[in-house]
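Trainee: One-letter residues, chain by chain:
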Amino acid sequence: MTQRPAADPNEKFSDYAHGEKLVSTAWVAEHLGDDGLVIVESDEDVLLYETGHIPGAVKVDWHTELNDPVTRDYLDGEGFAALMSKKGISREDTVVIYGDKSNWWAAYALWVFELFGHPDVRLMDGGRAAWIASGGEMTTDAPKRETTEYPVVDRVDAGSRAFMTDVLDHLGKPLIDVRSPEEYTGARTHMPDYPEEGALRGGHIPTAASVPWARAANDDGTFRSRDELEAIYTDEVGLDRNDDIIAYCRIGERSSHTWFVLRYLLGYESVRNYDGSWTEWGNAVRVPIVKGEDRGEVPGRA
Amino acid sequence: MSENLPESLQEIIDDFAALAEPDKLQLLLEFSNELPGLPERYADHPELLEPVPECQSPIFLVTEVGDGEQAGTEAPAGEDAEVRLFFSAPPEAPTTRGFAGILHEGLNGLTAKEILEVPSDLALKLSLNDSVSPLRLRGMSGMLARIQRQVKEKALG
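Heads up: the protein sequence lines correspond to chains A and B, in order. Numbering (our numbering) for the first sequence: 1 to 302. Numbering (our numbering) for the second sequence: 1 to 157.
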């Protein structure tokens, strides 16, 4: 087996529980073209990659490639194997993902890669914007990668993914709502600037703490330091080492960002992303909802 | 499917329909690249453009109906008046720019009447439903609705 590219020795990262899950733009610039390393761009905007990307980076699109086109679900093991093979990614490769919007979609893609247990997936801190700001080269040249034979590995949702029934059973344990304050209180059912999300009810899941995802990011899209993150999630929200935690947003992309922070930067062992999120909960019949700023109480169970 | 769309729009719809999936995105990118920049009178006065919050990326648009007068300053231009469209969207928002490019290519220079008759589900006729997320397509519908509202005000008063 070829040796994996070494972790980024960056000082900021070494403070994190799993700093090896992050690399800097400088690390990527230095390791571009290394054997066993594949750079993946994953954006919200389906055309952004085509306007220019890191040389050699392959595109993985959340909507057209990671989602099942019919059922509201992700690819299955065969679909993922076919996608990886087509992209020229081997099971042994180190995959470094970056993207637009402070790496929301990159974190989402990373989370999906992990449902398939891809052994080494990392994020490039700061994403696409940081790469451009660092003066990194961009190209529109299509990457040339040989197709691979990625093995069919079953997707394992347990552990990292929560479904609505899991969340109902979870009520009373920590929930993190990473949407904007207006979505949390129910003043609106969609993100500012993202209207028409299609949720019939506004508010939040009872007892969920409101921690908008962006609090974990600096203005330049990089992650905040370990100390700053501890101050938010450990001190302010009161998450305990042994807690079983679920994060949600509206379709699971912003909460993937928070999931990454909790699982890898702070090292909480049990963190799940509820990808059904508000577009499921806010449309489901007879699930409890709390409006306003209060977290609310666990409803009595019959 | 036999609605009478303006020829310019019908051509675009046919072009998209004829392409395989990855090529549809390539065509959308071409529209994005070909979106004309703003003329000076708007580039220097961004406040004259209307924001389109239905889109996920910042985009602004303005219409001129008839002989170029600004909104609210003239009598209605009438339904036969020619309409010109202007858009502003950053290069980091290529999908949004692509939709603006389609609307520009398909609608610019048509009469007010022709533009007002464009069906509101235009975005769904572009065969892009598998390539572009539904939220994005709704953004394009938002642009069209705002163009039509502006044209209606300026042409019919």
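Read the hints as simulated data drawn from the structure, not as lab findings. Do not take every clue at face value.
DEER-style ranges, computed between Cβ atoms [stated by the list, open to error]:
(1) Ser225/A / Gln10/B: 40 to 48 Å
(2) Ala20/B / Ala17/A: 41 to 49 Å
(3) Ala18/B / Leu200/A: 35 to 43 Å
Here are the simulated EDC-like cross-link-like pairs (lysine to aspartate or glutamate), alpha carbons at most 20 Å apart as the crow flies [unchecked claim]:
(4) Lys59/A / Asp67/B
(5) Lys113/B / Glu92/B
(6) Lys87/A / Asp44/B
(7) Lys113/B / Asp44/B
(8) Lys86/A / Asp23/B
(9) Lys144/A / Asp23/B
(10) Lys87/A / Glu82/B
(11) Lys59/A / Asp130/B
(12) Lys59/A / Glu11/A
(13) Lys59/A / Glu82/B
(14) Lys59/A / Glu30/B
(15) Lys24/B / Asp120/A
(16) Lys86/A / Glu21/B
(17) Lys59/A / Glu21/B
(18) Lys86/A / Asp130/B
Computed footprint of chain B on chain A; a stretch qualifies when at least three of its residues, placed anywhere within it, have a C-beta under 8 Å from a C-beta of chain B [to be verified]:
(19) 46 to 52
(20) 226 to 236
The structure presented is a predicted model; accordingly, all values stated were derived computationally and were not measured. The C-beta atom is built at its ideal place from N, Cα and C for all residues, glycine as well.
Trainee: Each hint should be assessed against the structure and marked as holding or not.
Mentor: Hint-by-hint comparison with the structure:
no.	hint	in the structure
1	Ser225/A / Gln10/B: 40 to 48 Å	violated (56 Å)
2	Ala20/B / Ala17/A: 41 to 49 Å	holds (45 Å)
3	Ala18/B / Leu200/A: 35 to 43 Å	holds (38 Å)
4	Lys59/A / Asp67/B	violated (46 Å)
5	Lys113/B / Glu92/B	violated (33 Å)
6	Lys87/A / Asp44/B	violated (44 Å)
7	Lys113/B / Asp44/B	violated (30 Å)
8	Lys86/A / Asp23/B	holds (17 Å)
9	Lys144/A / Asp23/B	holds (18 Å)
10	Lys87/A / Glu82/B	violated (48 Å)
11	Lys59/A / Asp130/B	holds (17 Å)
12	Lys59/A / Glu11/A	violated (29 Å)
13	Lys59/A / Glu82/B	violated (42 Å)
14	Lys59/A / Glu30/B	holds (19 Å)
15	Lys24/B / Asp120/A	violated (33 Å)
16	Lys86/A / Glu21/B	holds (16 Å)
17	Lys59/A / Glu21/B	holds (15 Å)
18	Lys86/A / Asp130/B	holds (19 Å)
19	46 to 52	holds (count 5)
20	226 to 236	violated (count 0)
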